[in-house]
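Peer 1: Each chain is listed here by its residues.
There are 2 protein chains.
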Amino acid sequence: MRRACHEVGVKVALIGGTGPEGIGMAVRFGRAGIEVLLGSRDLARAQDAASRAVERAVSGSVRGCLNDDAARQADLVVVVVPYAGHEATLRELAAPIGSKVLVDAVVPLVRKGRSFVIAPLAAGSAAQEAQILLPDARVVAAFQTVGASELQDVDHEMEGDVVVCADDPQAKTATMDLVRRIPVLRPVDGGGLAHAGLAEHVTALLLNINRVYRAHTGIRITGLPGG
Amino acid sequence: MRRACHEVGVKVALIGGTGPEGIGMAVRFGRAGIEVLLGSRDLARAQDAASRAVERAVSGSVRGCLNDDAARQADLVVVVVPYAGHEATLRELAAPIGSKVLVDAVVPLVRKGRSFVIAPLAAGSAAQEAQILLPDARVVAAFQTVGASELQDVDHEMEGDVVVCADDPQAKTATMDLVRRIPVLRPVDGGGLAHAGLAEHVTALLLNINRVYRAHTGIRITGLPGG
Chain A
7 MRRACHEVGV
17 KVALIGGTGP
27 EGIGMAVRFG
37 RAGIEVLLGS
47 RDLARAQDAA
57 SRAVERAVSG
67 SVRGCLNDDA
77 ARQADLVVVV
87 VPYAGHEATL
97 RELAAPIGSK
107 VLVDAVVPLV
117 RKGRSFVIAP
127 LAAGSAAQEA
137 QILLPDARVV
147 AAFQTVGASE
157 LQDVDHEMEG
167 DVVVCADDPQ
177 AKTATMDLVR
187 RIPVLRPVDG
197 GGLAHAGLAE
207 HVTALLLNIN
217 RVYRAHTGIR
227 ITGLPGG
Chain B
7 MRRACHEVGV
17 KVALIGGTGP
27 EGIGMAVRFG
37 RAGIEVLLGS
47 RDLARAQDAA
57 SRAVERAVSG
67 SVRGCLNDDA
77 ARQADLVVVV
87 VPYAGHEATL
97 RELAAPIGSK
107 VLVDAVVPLV
117 RKGRSFVIAP
127 LAAGSAAQEA
137 QILLPDARVV
147 AAFQTVGASE
157 LQDVDHEMEG
167 DVVVCADDPQ
177 AKTATMDLVR
187 RIPVLRPVDG
197 GGLAHAGLAE
207 HVTALLLNIN
217 RVYRAHTGIR
227 ITGLPGG
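These protein sequence lines are chains A and B, in that order.
Numbering of the first sequence is given in the numbering used here, commencing with residue 7 and proceeding in unit increments.
Numbering of the second sequence is given in the numbering used here, commencing with residue 7 and proceeding in unit increments.
For the record, the hints were derived by calculation from the structure and aren't laboratory data.
Some hints here could point you the wrong way.
Identical chains blur together in the list; that is why a pair holds if it fits in one copy or across any two.
Unchecked claim - Below are the DMTMM-like pairs computed for lysine to aspartate or glutamate, each with C-alpha atoms no more than 20 angstroms apart in a straight line:
#1 Lys118 with Asp173
#2 Lys118 with Asp54
#3 Lys17 with Asp195
#4 Lys118 with Asp195
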């Protein structure tokens with residue numbers, strides 16, 4: 007079954023994938039039979055993170071590589087670097103990303119006292135910044151609100167929704183299909199890339215709620231057709 | 007049953023309550039046995055809106071009054087004016103609001119092309135602006151993401167969560183109790199008033215999603231203790 011999915015599958019690069027979010031995505035995509043290229047600027051760290059992901063995923067193909075190689079080999083590129091490395095990383099990968107689908111999961115989070123807030127960006131959001139840096143890429147904002155701990159906790163299915171914002175309809179569809187590969191996440195079409203900043207704010211809200219309840223929260227959009 | 011609730015109850019003012027959101031809240035609070043003072047700057051409009059609310063609510067006490075009277079008589083004041091009237095309305099009501107609980111449901115929404123965005127406010131959010139304007143009031147941000155059509159549609163129970171942000175613990179508790187009076191809304195503690203702007207952004211995100219799906223959406227926070 008997983009093998010069958012794998013044969014259909016798309017190759018996904020996780021740029022800056024050695025952090026908890028990247029490893030978590032590698033685990034879930036790996037389990038879904040997707041070929042994952044877990045990228046880092048340091049090959050040894052990428053390979054180490056990849057073996058940890060495979061161990062947790064139990065099944066699936068996750069390979070550690072340099073960010074550059076990961077982006078070059080992938081059909082779809084997901085960026086999960088901390089915001090501090092967002093611009094530099096994307097500039098370096100302009101050539102291998104080219105006109106590929108670039109899913110930006112980065113959130114410009116800032117701690118302000120005991121609160122999480124969103125740094126105001128001139129571009130409006132990290133994803134819009136990516137689009138300015140890489141005008142040929144088909145940028146999609148998604149996965150911003152999905153927590154690393156739930157991604158890694160394979161004893162439980164994921165719950166909640168992933169809001170997907172993009173201007174390119176095909177890139178949006180490919181990303182929504184990717185979301186559906188993780189049981190039982192649901193993609194929700196959030197409209198154009200201009201709405202990416204709104205989803206970023208949801209991430210900060212959830213982190214603040216996590217602090218109050220000592221929980222790992224996500225969101226579900228109510229009132230959509232089909233529940 | 008409703009009568010019993012009513013006897014326990016708090017008196018709630020809805021400032022600027024003649025719009026769809028205010029009428030919707032009057033309907034739901036009225037059905038819950040809460041005494042509602044539906045306020046407007048125009049007494050005839052307030053009375054007209056109140057009768058429409060009562061008609062829809064089938065049961066409950068909703069009375070139309072001037073904003074000033076509503077705020078003076080109420081235990082808890084909810085502001086639902088359009089953002090354009092937010093500052094002026096609050097300035098006028100400084101005396102009758104005094105140190106009461108002031109629930110701010112106002113969202114500084116702006117249309118930008120086909121998108122809904124949030125106007126950046128110097129104070130950070132409408133609720134924080136209210137706190138600056140009325141330093142004695144115990145300001146709470148809540149109900150921003152709850153849609154007018156669902157409030158008015160009494161054939162269906164409400165679903166989803168209301169994020170409640172406040173610095174005053176008692177005011178927060180009173181507001182969370184008020185949310186629980188509407189079946190089956192759940193209050194979620196969003197932390198301090200500084201987080202109100204994050205909830206505002208959720209409203210804009212939901213309105214954009216509504217546009218894509220021609221739906222009336224809300225949010226539910228997943229992963230909280232007890233579901």
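Peer 1: Could you run down the list of hints and mark each one as holding or not?
Peer 2: Against the structure, the hints:
1. Lys118 with Asp173: between (32 angstroms within a copy, 16 angstroms between copies)
2. Lys118 with Asp54: neither (33 angstroms within a copy, 46 angstroms between copies)
3. Lys17 with Asp195: Close neither inside one copy (23 angstroms) nor across copies (40 angstroms); limit 20 angstroms.
4. Lys118 with Asp195: between (31 angstroms within a copy, 19 angstroms between copies)
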